[in-house]
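The task is simple: from the sequences and hints, build the whole structure.
So the chains spell out like this:
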Amino acid sequence: DAGVTQSPTHLIKTRGQQVTLRCSPISGHKSVSWYQQVLGQGPQFIFQYYEKEERGRGNFPDRFSARQFPNYSSELNVNALLLGDSALYLCASSLVTGESETQYFGPGTRLLVL
Amino acid sequence: SQQGEEDPQALSIQEGENATMNCSYKTSINNLQWYRQNSGRGLVHLILIRSNEREKHSGRLRVTLDTSKKSSSLLITASRAADTASYFCATDATGANSKLTFGKGITLSVRP
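From first to last, the protein sequence lines are chains A and B.
Adding 164 to a residue's 1-based position in the first sequence gives its number in our numbering.
With our numbering, the residue at position 31 of the second sequence is 11, and numbering never jumps.
Derived from the structure by calculation, the hints contain no laboratory data.
Any given hint might turn out to be false.
No more than 25 Å apart at the CA atoms, straight line, and that leaves these computed lysine to any residue pairs for SDA-like [unchecked claim]:
(1) A:K177 with B:R21
(2) B:K84 with A:Q182
(3) B:K84 with A:Y268
(4) B:K6 with A:L203
(5) B:K84 with A:F233
(6) A:K194 with B:I29
(7) B:K84 with B:L(-9)
(8) B:K6 with B:A61
(9) B:K49 with B:R16
(10) B:K84 with A:L275
(11) A:K194 with A:A166
(12) B:K6 with A:F224
(13) B:K49 with B:S38
(14) B:K50 with A:G204
(15) B:K84 with A:S258
(16) A:K194 with B:A73
(17) B:K84 with A:S191
(18) B:K6 with A:Q208
(19) B:K84 with B:T47
(20) B:K6 with A:T266
(21) B:K84 with A:V277
(22) B:K84 with A:G220
(23) A:K194 with B:R21
(24) A:K216 with A:F233
(25) A:K194 with B:H25
(26) B:K50 with B:I29
(27) B:K84 with A:G222
(28) B:K6 with A:N223
(29) B:K84 with A:Q170
(30) B:K84 with A:K216
(31) A:K177 with A:G204
(32) B:K84 with A:G248
(33) A:K194 with B:I27
(34) A:K194 with B:N10
(35) A:K216 with A:Q182
(36) A:K194 with B:L28
(37) B:K84 with B:A(-10)
(38) B:K84 with B:A(-1)
The model shown is predicted, which means the values in this text are computed figures rather than measured ones.
This is the structure:
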């Protein structure tokens, strides 16, 4: 079975532009979470979606938004990009939300903002 | 904010030796998970230990959890060069509904 897939793998944007990152969860998984990992740090939680509804939001500005589609895939949008948005963006999926659910991560999208 | 704090920040050992990595956290948790990351790529799930468990094994991995001390350790036995990677502990805090909070990670180098 395919794991979590993300596209694109790499992306270069300039300040002020907008970017959309895509994630397809493992087949059968209904929950998708997004994390940002800045170089040298651990991942930071951005959003969690379950059954197309937002179930959690991390400490990120409103420039960050996301949605989940009926097939459980998800998009993360970032508007008005800043240099500090340069990072590895990771998507994770799990069967449901709740206690003790293993989250499986995709390979990530590396975003560079110039 | 980062809840998990791994220790040491970097570890260098010889192939065949055991590697022990520690993680401390601050709040009550549902579970604690360890992940491996190779060269800034995606995270690979290693093991999950629930708050009511004290020890868990998976192959060459042994994880312990002490909720009274809010700490966990990951032991990799008979290390291999392929174990060279960054290792992260992540906590699923009580009430956090599967939102994971990661530490800064430990860089493990296994010399052949």
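request  = Would you check the hint for K194 (chain A) and L28 (chain B), treating anything up to 25 Å between C-alpha atoms as holding?
outcome  = The hint holds at about 20 Å.
ask   = For the pair supplied as a hint, K84 (chain B) and A(-10) (chain B), is the alpha-carbon distance within the 25 Å limit?
value = Since the Cα atoms of K84 (chain B) and A(-10) (chain B) sit roughly 11 Å apart, the hinted pair holds (cutoff 25 Å).
message = With the threshold set at 25 Å, check whether the alpha-carbon distance from K84 (chain B) to Y268 (chain A) stays at or below it.
response = holds (19 Å)
message = Given the hinted pair K194 (chain A) and N10 (chain B), is their Cα-Cα distance within 25 Å?
response = OK: K194 (chain A) and N10 (chain B) at ~20 Å, within 25 Å.
ask   = Does K194 (chain A) pair with I27 (chain B) here, judged by a C-alpha cut-off of 25 Å?
value = holds (21 Å)
ask   = Within a Cα-Cα threshold of 25 Å, do K49 (chain B) and S38 (chain B) meet the stated pairing?
value = holds (23 Å)
ask   = Within a Cα-Cα threshold of 25 Å, do K84 (chain B) and Q182 (chain A) meet the stated pairing?
value = violated (28 Å)
key: Hinted pair K6 (chain B) and N223 (chain A), Cα distance within 25 Å   = holds (18 Å)
query = Within a Cα-Cα threshold of 25 Å, do K50 (chain B) and G204 (chain A) meet the stated pairing?
reply = Since the Cα atoms of K50 (chain B) and G204 (chain A) sit roughly 24 Å apart, the hinted pair holds (cutoff 25 Å).
query = Is the Cα-Cα distance between K6 (chain B) and Q208 (chain A) 25 Å or less?
reply = holds (16 Å)
task = Verify the proposed pairing of K194 (chain A) with A73 (chain B), using a straight-line Cα cut of 25 Å.
result = holds (21 Å)
ask   = Given the hinted pair K84 (chain B) and A(-1) (chain B), is their alpha-carbon gap at most 25 Å?
value = With Cα atoms ~18 Å apart, K84 (chain B) and A(-1) (chain B) stay inside 25 Å; holds.
The structure fails hints 2, 5, 8, 17 and 30 (numbered hints given earlier, in ascending order).
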